[in-house]
Amino acid sequence: MTPPAVTGTAAATEPIRLLDAEGRLVESDANAPWHELAAQLSTDDRLAMHGEMLRTRRFDIEAGHLQRQGKLGLWVPSIGQEGAQVGAVWAAREQDTLFPSYREHLIALHRGATMDQIIDIFRGAKHGGGWNPLETQGMRIYSLVIATHALHATGYAMGIRLDGTSGTGDASTDEAVMAFYGDGAASQGDASEGLVFAASYESPIVFFVQNNKWAISVPSTRQSRFPLHQRARGFGLDAAWIDGNDPLASFAVTRRMLDAARQGAPGYIEADTYRMGAHTTSDDPTRYRTSDEEESWRRRDPIARLAAHLREQGVAEAVLAEQDQEATELAGDLRRRTLEAATAISDDIFDHVYSDPHPLTTEQKRQLAEFEASFGGDA
Amino acid sequence: MTDTAPQAAAAAPTAPAASVTMPIAKALNSALREAMRADEKVLLMGEDIGPLGGVFRITEGLHAEFGGDRVLDTPLAESGIIGTAIGLAMRGYRPVIEIQFDGFVYPGFDQIVSQLAKMTARHRGAVRMPVVIRIPYGGHIGAVEHHQESPEAYFAHTAGLRVVSPSTANDAHWMLRQAIESDDPVIFLEPKAKYWTKGEVLPAPAPGLEGVGGMHRAVVAQPGTDVTLIGHGAMVHVLLQAAQIAEREGTSCEVIDLRSLSPIDWEPLVDSARRTGRVVVAQEAPGHVSVGSEVAATIAERAFYSLEAPVLRVSGFDAPFPAAQLEDIYLPDADRVLDAVDRAMAY
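First to last, the sequence lines map onto chains A and B.
If you're matching positions, the first sequence starts at 1 in the numbering used here and goes up one per residue.
If you're matching positions, the second sequence starts at 1 in the numbering used here and goes up one per residue.
It is possible that some hints are incorrect.
[As the list claims (entries may be wrong)] If you want a taste of the chain B side facing chain A, the calculated C-beta under 10 Å gives, among others:
hint, residue
1, Ser79
2, Val127
3, Pro223
None of these hints come from the bench; they were simulated from the model.
Positions of the beta carbon are idealized from the N, C-alpha and C atoms, including for glycine.
Make a model of the complete structure from these sequences and hints.
Put into structure tokens, the structure is as follows:
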């Protein structure tokens with residue numbers, strides 16, 4: 001089955017947008033089918049999405065403070081990208097497997113990874129997050145070498161197809177995969193090879209590209225002089241362009257494309273968004289972008305946008321304030337736990353290098369233990 | 001079992017009841033076939049490995065028997081092959097990859113050393129990576145550039161990988177079976193110059209070489225008393241030839257086939273060094289920071305008081321692999337090994 005192209009063959013001039021920056025619904029003939037999909041989200045759902053965005057924002061801010069106070073080696077904020085992420089993860093069905101880059105905090109939290117597990121990466125306790133994908137509803141661990149996981153995701157999707165657990169036509173059980181990366185990653189060979197393999201093997205996968213305009217200090221125009229979603233079409237994937245700060249557009253388009261992917265048509269979504277903060281706490285955006293640009297995107301903040309929409313829908317201010325209070329308290333709890341968290345032990349160096357015992361790591365673990373013991377507890 | 005064995009699938013595939021003589025290429029082919037019959041999660045990935053059977057015909061007949069969903073003729077992209085194999089392994093498959101030639105593995109280098117090798121550790125053991133990467137490697141085939149290299153040091157240097165290299169048909173067969181059974185990633189280096197060298201393939205691994213760990217044992221290929229010669233892959237054949245010549249000149253050489261480059265099985269090496277007191281380690285790869293360097297250093301550490309001479313290394317030169325007309329000069333031959341034997345004996 002070949003699903004209809006999402007945006008047709010002509011290049012789109014505007015991203016798909018269902019909520020404008022003020023949170024008003026954008027009605028048009030073209031938007032009607034998307035609104036119909038977005039209608040799957042009740043007001044309670046939308047409120048819950050808003051709560052997740054707020055919690056992630058507070059988490060991000062708290063983690064930034066922890067880094068500034070020397071408790072984390074580094075922090076990677078996702079501020080500004082919560083709208084794209086919340087729509088995507090709500091669109092994914094529970095059987096779907098999600099391969100993140102390293103800035104998908106909302107998505108990880110939604111799937112059951114804990115704030116502490118994310119913090120563990122950045123306080124130097126564990127690589128990758130240390131969560132087990134079997135315990136986080138298919139949320140894979142973070143991947144730091146840019147775009148490498150695009151291939152892992154594609155291979156996983158190829159496996160789904162070989163297993164026959166997609167393509168039956170039943171979207172409620174057919175599996176699919178999402179790979180998340182950014183505009184910088186799109187330049188990597190692995191990103192392109194992922195598209196080649198996904199198209200060639202008609203794999204059930206959607207590549208969700210958060211174009212946040214900056215790969216550290218290099219603007220997205222250096223990565224591509226051509227819209228990324230148009231590039232994907234050249235690889236034979238169906239592609240869409242969305243306003244990434246519009247959670248409803250992110251939800252509707254992702255849902256449609258994932259369901260097409262389940263039937264063998266891999267897809268590509270370029271989410272037009274903005275990294276409102278620094279790349280990491282080691283970065284200094286004042287060196288490469290203007291405050292005017294930052295200000296223009298602050299006015300398009302996805303959380304404010306969804307909040308305005310919720311008010312429009314009749315949600316009381318007190319309910320939103322309560323969500324904010326709850327998010328602030330969670331961040332405070334995280335701070336306390338992080339300050340008390342245990343330090344990694346030296347066995348961690350050796351214990352999982354191999355699945356089966358390996359004489360070199362076994363011997364070196366023994367030697368280190370002996371060396372440490374030689375200080376007789378005075379070390 | 002040979003390449004023309006009947007394709008009626010037995011309930012459980014079995015090795016031949018008696019030993020069969022076949023070339024290394026066929027021994028590899030039968031190992032792949034048996035592994036695929038035994039476990040439907042085993043699948044092959046690579047360039048031209050389908051109807052063509054691979055440029056060296058190692059996968060000949062397997063596409064016909066198992067079909068395109070288990071013998072994947074992939075797009076021409078090494079990083080893509082290895083990266084998607086990682087995803088397939090996460091999904092429960094056991095991919096066996098063929099890299100067409102040694103010099104073509106580098107486009108997939110990051111996926112091997114940063115992704116495949118570290119994936120189990122990055123998941124704290126929750127995810128296993130049973131991926132085999134077969135690489136036809138080494139010289140002596142007169143090919144154009146990038147087709148005759150020995151990249152083993154890069155992989156032996158990388159924690160999380162296992163690296164093995166058979167030199168005989170029997171080892172090619174059984175070590176490949178063991179590599180596919182391994183839950184860890186294995187770099188499987190095939191001495192392509194010896195693909196058509198015949199040998200006996202036994203119905204079962206030799207005693208002491210059974211199980212997944214069997215591929216990591218070093219073996220004495222020929223006993224001797226005066227000098228220990230150590231090598232792997234095609235070099236073992238050069239060492240045996242050198243030993244034969246030395247024997248005629250009154251020097252008894254013990255030849256050790258390393259078989260495994262990570263981990264290295266030190267006991268037979270150190271034991272032999274203690275007996276002979278003289279060691280020569282040879283390889284086609286360039287010598288600087290190589291497997292031979294590690295062998296020399298560790299033997300010096302562990303057999304210091306038994307050594308009558310420093311451990312000597314014979315290697316390819318630290319220069320890009322030369323044009324084919326120069327390869328016989330570049331690659332260590334019996335004469336260069338014997339020169340090292342003479343120098344060792346002169347101490």
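Hint-by-hint comparison with the structure:
A cut of 10 Å between beta carbons decides the hint on Ser79 (chain B): the least distance to chain A is about 6 Å, and the hint holds. Restraint check, Val127 (chain B) versus chain A: the minimum CB separation of about 7 Å is within 10 Å; hint holds. Annotation: interface hint on Pro223 (chain B) violated; nearest CB of chain A at approximately 24 Å, more than 10 Å.
Hint compliance for this structure: hint 3 is the single one not met.
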